[in-house]
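K.L.:
For the record, the sequence lines run as chains A and B.
If you read the first sequence in the numbering used here, its first letter stands for residue 1, the second for the next number, and so on.
If you read the second sequence in the numbering used here, its first letter stands for residue 1, the second for the next number, and so on.
Derived by calculation from the structure, the hints in this document are not laboratory data.
No experiment lies behind these values; they were computed from the predicted model shown.
Built from N, CA and C at the ideal position, the CB exists for glycine as well.
Hints are supplied without guarantee of correctness; some may be wrong.
Claimed, not checked - Sample of chain B residues facing chain A (criterion: CB under 8 Å; computed from the structure):
#1 Gly42
#2 Ala44
#3 Asp45
#4 Asp90
#5 Phe108
#6 Ser109
#7 Phe115
#8 Asn123
#9 Phe125
#10 Thr126
#11 Tyr128
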Amino acid sequence: MVGQTTVVPGVVTRINSNGFFIQDLTGDANPATSDGLFVFTGATTYPAVALGNLVRVSGTVAEFSTGGSTVTQLSNVTAVALTGAGFSITPTDITFPETVEGELERYEGMLVRISGPFTISQNSFQSRFGQLTLAQGDRLEVPTNRARPGTPEHTALVEGNKLRRLILDDGSSLQNPSTIPYLDANALPRAGDRITGNLVGVIDYGPSSASATPGDYRLHPTAAFTYVVANPRTAAPAAVGGNIKVASFNVLNYFTTFTNGQNVAGQSGQGCSEGASVNAGNCRGADNLDEFSRQRTKIIDALARINADAVGLMELQNNGNVAAQNLVDGLNQVLGAGTYAVAPLPTNGTGSDAIRTAVIFKPARMSALQGISDTASINDRPTLLQPLQLHNGERFSLVVNHLKSKGGCSSSDPDLGQGCWNIKRTAQANQLRSFLSSQAGISGAAQLIVGDFNAYAKEDPIDVLTTNGFVDLVERFQPGAHSYVFNGEAGRLDHLLASNSLAAKVIGAVHWHINADEQPQADYNRELKAPLTCNGAALCPPDLYGPGPYRSSDHDPVIAGLSLYKSITAGVADTSLVGTAGDDILTSGAGRRTITTGAGFDQIVFSSSFTGAATIADFAPGFDTISLRAPLQALGVPLVDPITQGYLSCRVSGADALISVDTDAAGPAPARAWLLIKSANCSVLNRTNFVF
Amino acid sequence: MTSLKTLSAGLLLAFAAASSQAASFTFTGFTDDSKSFFGSFGFADVAIDFTGEVNLNDFSLEFEGQTYALSDADRPAVALFDAGAFLGVDFIDNDDSTRFSVALTGGFSSVDEAFFAHGSTSNGFTNYGSVSFLSTPVSEPGSVALALAGFGGIALMARRRAKAKSA
């Protein structure tokens, strides 16, 4: 057939930018062969081509190479004759997911109907190529985020992803069109949102990612569909518990020197340092002050909403603490002077890459001891170990990493299923282990490893850590969670790994999905966005930028809650119980004593042997809480709502509030005085101040 | 019951403040689940306007067939005063797993706030009770009369407070 000149009749089912699809009015009744065909017309238009028209196309049969495969089409069209109008082809219902990869070939060029629901797995190519990557059912997860490479589970995930994946295409070969197809208001959809109904359209084959290959089957829709927001934006990350919140965030090349040679201070002729060279070409972030302002607004908003006590940052310009301090200055403008500070530069420096890691922290909550970096030659960026001491005396080390990226393979370290440079990343992880064991003296064994590991959860670099005494905290609380989307699949490159002793004190860990699922067209960059022009005089796709935290970076931040209280328990003979200047858990049982919490967030916990006679000298609502759970439980008082139900009462005693317990509420037993809260009125007896 | 208790408190205060020798007193009461308890205690004299704690030098509590002595206390047992006003007694024995744990707890600013508790070492204090303090006739009659005259007002005040509370 190929190369033959022929005349093909068919009904026009779909018109694309460079041709149209026709389908045989009756079909050949053979399910193994397609009844449809693409007619390539290039820029030529034919008056007979309209949806529902029956036409006879004269042309040459050709195999068009695309996406590493070929598609049969009619090209070198010489005529399109109209033979009828008002026809409609009934879409063929097809089985999807495929049972065998490539099964959709038999439907190439045909109008089909595929039943949903579908989840949007990637929207990165929506603006550039007019494509959304869909998966039938739930979104696609990177197989190595879930299973060790080579295991049967991993193989099954790889195969399953291929069978479930479908590209939704706009039928246009134009890149960066003025209007982004399938885009709703507010830069929706996000990856993770859903299409609930059926999809109807013509099956085609072509590129499925940023690369020309591999390709995949795609659908050019002929009927409208709607999104359901299944992965909504959240205004702040989910609560993680504990008294210390620690975050890790790749801030996507936060450079205070720009690619145009200017810097944030307004100087010209500046450069960024990388290796031995200093020039503007080494700068990786904003192109100019305008882009930087947009970038800065978003990153600051994201960090302010995370509001962590300490943050490990990746991808800051490696210019001493200049970029980090610029970020902190902006944060403090939002959150108040002195809220954050940059940890001093570490012993051994920040390495010679263009980017560095850094730690920022809240001085009101902790102090930064002298940090140290590991400049071992295997590391692309030195590991930064930053010991932090809370005001209650508790310590931990925040260990910030940025391992070798997955891109740009060398023949010596190729992509064998875990991305390029897996051998190097694994060596870097092993170096991290040996560095940490050499540094255990600084903070004991309390080490929290964070960072962009450029390795998914079950890949070798993470495995050598989790099989050697470190706990993958996200795996513990949210297995399968992601921080990044690539090739249509979601996985986490950004991790929190705690040493065993510290892991026991971690209450929660979450990723905050503000970036990976968002439309890249909403980032700070100005390139390929209106008002620039993209196709001749046509405007580029719209600039979806907004000042909020969404698409502030390409990675999602990850956040952990640590319970690093100082525990102090009163002995029965003690007449006082005094907390530290930090966060304490102060436990008191039988015996008359005065409890002084000190500064910080303190929990006063009364044990079951408590029989009153406690005076709290400095209760601070909003900072301190009082747990009466154990003594109430011992007395048989229901813990549902003892205040409203009348089991606890308060009366003013001088300048103080006297809290009493009544074991039978309205019953005959009288209330007994339990604890005196100094310098308080009875509004103190409030659910927010008590734990039951 | 309230008036007896507050009057007793006045008496106790009088004895404590005015006696020229170590005072000794009794107490009695019922738990909320109707178990009875009683006992006695003694301590060295304190000043008439004393505020604070004075160690007991004698203590005995009978409860559920067991006797709890001063030597059983987990921490020094004390009598409590605020500007000469008796607030009650602190006594705790919570380290004997073979019998009930018991505690007497004095008030913060009034003997009305004093109470009794019992339970177990393992389960904590599971029941409370009300306690009444009474005197025993060990002091000189003349001193008693003096003291009564001087501190009747305290007892009255206590009554008023009790009344206001129930209103």
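K.L.:
Report holds or violated for the interface hint on B:Thr126, using the least CB-CB distance to chain A and a cut-off of 8 Å.
P.N.:
holds, 5 Å
K.L.:
Please check whether B:Gly42 passes as an interface residue: C-beta within 8 Å of a C-beta belonging to chain A.
P.N.:
B:Gly42 check fails; min Cβ-Cβ to chain A is 20 Å, beyond 8 Å.
K.L.:
Under 8 Å is the threshold here; is the Cβ of B:Phe108 close enough to any Cβ of chain A for the hint to stand?
P.N.:
Since chain A brings a Cβ to about 5 Å from B:Phe108, closer than 8 Å, the hint holds.
K.L.:
Can the hint on B:Phe115 be confirmed by a CB-to-CB distance to chain A that is less than 8 Å?
P.N.:
holds, 4 Å
K.L.:
Is the hint on B:Ala44 kept, meaning its closest Cβ partner in chain A is under 8 Å away?
P.N.:
violated, 19 Å
K.L.:
Given B:Asn123 was flagged as interface, is its beta-carbon under 8 Å from a beta-carbon of chain A?
P.N.:
holds, 6 Å
K.L.:
Go through the hint on B:Asp90 and say holds or violated, using the shortest Cβ distance to chain A against 8 Å.
P.N.:
holds, 5 Å
K.L.:
Hint B:Ser109 vs chain A: min CB-CB distance below 8 Å?
P.N.:
holds, 6 Å
K.L.:
Can we keep the B:Tyr128 interface hint, with Cβ of chain A closer than 8 Å?
P.N.:
Holds. Min distance 6 Å.
K.L.:
Quick check on B:Asp45 please, does its C-beta sit within 8 Å of some C-beta on chain A?
P.N.:
Status violated, d = 22 Å.
K.L.:
Under 8 Å is the threshold here; is the Cβ of B:Phe125 close enough to any Cβ of chain A for the hint to stand?
P.N.:
At 5 Å from the nearest chain A Cβ, B:Phe125 passes the 8 Å test, so the hint holds.
Figure legend: structure checked against the earlier numbered hints; hints not met, in rising order: 1, 2 and 3.
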